[in-house]
Amino acid sequence: MPRSSTYEAVLDASLFTPAQLQPTAVGRLAFQAGTRWMRDHVCSHRTLVHEHRVGFVLWSWQLEYVHPLRFPDADDAVVEVTARIRGPRASQLEVEMTLEGPAGVAVRTRAASVPLRLSGDEALSGVPRPLPDALVAAFHDDEIERTAHRSQVRALRAGFERDGEQLAAAVSEFRVHRHHCEVADQWYWAETLGFAAGAREELVLKYGKAVPGLRRAQAEPIRRVDVTWLRAGQLWDLLQVRTTAHRLGEGLAFVHELGLADDEDGGPYAVVVERI
Amino acid sequence: MIVKVRGVLLRFTDYENEIEVGGNTVRAGLAALTERYPNLGKVLLDRTGEVRPTHLIALNGERLTRSELDREATDDDRVDIVTAVSGG
Chain A
87 MPRSSTYEAV
97 LDASLFTPAQ
107 LQPTAVGRLA
117 FQAGTRWMRD
127 HVCSHRTLVH
137 EHRVGFVLWS
147 WQLEYVHPLR
157 FPDADDAVVE
167 VTARIRGPRA
177 SQLEVEMTLE
187 GPAGVAVRTR
197 AASVPLRLSG
207 DEALSGVPRP
217 LPDALVAAFH
227 DDEIERTAHR
237 SQVRALRAGF
247 ERDGEQLAAA
257 VSEFRVHRHH
267 CEVADQWYWA
277 ETLGFAAGAR
287 EELVLKYGKA
297 VPGLRRAQAE
307 PIRRVDVTWL
317 RAGQLWDLLQ
327 VRTTAHRLGE
337 GLAFVHELGL
347 ADDEDGGPYA
357 VVVERI
Chain B
27 MIVKVRGVLL
37 RFTDYENEIE
47 VGGNTVRAGL
57 AALTERYPNL
67 GKVLLDRTGE
77 VRPTHLIALN
87 GERLTRSELD
97 REATDDDRVD
107 IVTAVSGG
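Order-wise, the sequence lines are chains A and B. First residue of the first sequence: 87, per our numbering; consecutive thereafter. First residue of the second sequence: 27, per our numbering; consecutive thereafter.
Only chain A is shown next, with the shape it has when bound in the complex (with noise of 0.2 Å):
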């Protein structure tokens, strides 16, 4: 049986909007559950970095919500998570966490990272590569899976681009500052679902008038994100959010493209989708 941590989450306010749980603080308390899990059964996030000289950069990651918790629900919630070694060479840590409330499992996560190696230097500089074999020692036989974690983000834009009706278009800017970042100055992950809820915000206030449907964005609560991150984003860059609002039946679903504002051609550096 693979190896879990269980503990008891005291809960806030800020962690909430009216109708559930806010998507950058499940994304905040997956992370912590992540530490813990590695802290608890193979070593601690500090010790993975400077004596190992192993650090993990996240790539994929969803978010479900499944039972209805809002703040006025609980003083607290159960946080389960359990983390194995995914692809045929140690190429992936998977951490699945699930976050459970008086009506059952309110969100469940599941973030796929890739190990890196790190140089040594102060920028904790690092290149991708399997997982180091005295650390792959220390999950158990059933804490290791063969076949790769798969990012569902291609498949759902290419869903909406051919099944859907794209509602509504916007561009949004902004800039990493230091409290969007980790310790490197490098953006921390869950903060690019900040970004990109604030750019539906944004659309939303911009098209609700003219696009009443897309107002439910705002009323309703989110059923899922997914999210693949491609590069970093690091301190000062100005990053631009190019979002579409598409329907798709009775749902509604946003697409976030995060990228460098002076740098079109260079690709996305995350994208993230979001569905009502």
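Take these hints with a grain of salt, some might be off.
Said to hold, decoys possible - Quick look at which bits of chain B chain A covers, simulated, 3 or more residues with Cβ under 8 Å: (1) 37-48; (2) 60-74; (3) 77-90; (4) 103-111.
Claimed, not checked - Some, not all, of what chain A presents toward chain B, calculated at C-beta under 7 Å: (5) GLY141; (6) VAL143; (7) SER205; (8) SER211; (9) GLN320.
Unchecked claim - Residues from chain B that keep clear of chain A, each with C-beta distances beyond 12 Å, as calculated: (10) ALA54; (11) ALA57; (12) GLU94.
No wet-lab data here; the hints were simulated from the structure. No residue lacks a Cβ here, since even glycine has one placed at the ideal position from N, Cα and C.
Place chain B on chain A using the hints.
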């Protein structure tokens, strides 16, 4: 030449992101830069003085290999130093 420093390296240049340096080649420009900012040198260069493979160097947008750092550079040229990813 103008050296552009981004993101994770800014704290090693006292938060200057466009730095004018002398030198006739990219390598000479980088040497002048790391002499001015020794802490950047510790991050950018390995023990042999070569650019670590975790950082990319580009001349006017063209990515250079280590062996291409002797390319000529004039006052108007732009050199970018990019750290692709850090692992925190």
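Tested hints:
Only residues whose beta carbon comes within less than 8 Å of a beta carbon in chain A count, and the segment 37-48 of chain B has 3; three or more means the coverage holds. Residues of the segment 60-74 of chain B with a Cβ under 8 Å from some Cβ of chain A number 5, which satisfies the need for three, so the listed coverage holds. Check on the segment 77-90 of chain B: 4 of its residues sit with their Cβ under 8 Å from a Cβ of chain A, so the three-residue criterion for coverage holds. With 3 residues having a beta carbon nearer than 8 Å to a beta carbon of chain A, the segment 103-111 of chain B meets the requirement of three or more and the stated coverage holds.
Residue-level restraint check for GLY141 of chain A holds (minimum Cβ-Cβ distance to chain B is 2 Å; threshold 7 Å). Checking VAL143 of chain A against chain B: minimum C-beta separation of about 5 Å stays under 7 Å; hint holds. At its closest, the beta carbon of SER205 of chain A sits 5 Å from a beta carbon of chain B; the interface hint therefore holds under the 7 Å criterion. At a threshold of 7 Å, the smallest CB-CB gap from SER211 of chain A to chain B is about 4 Å, leaving the interface hint in force.
A hinted interface residue such as GLN320 of chain A counts as satisfied when its beta carbon comes closer than 7 Å to some beta carbon of chain B; here the least separation is about 2 Å, so the hint holds. Distance check on ALA54 of chain B: its Cβ is at least 22 Å (rounded) from any Cβ of chain A, clearing the 12 Å threshold; non-interface status holds. Every Cβ of chain A is farther than 12 Å from the Cβ of ALA57 of chain B; the closest lies at roughly 18 Å, confirming the non-interface assignment. Distance check on GLU94 of chain B: its Cβ is at least 19 Å (rounded) from any Cβ of chain A, clearing the 12 Å threshold; non-interface status holds.
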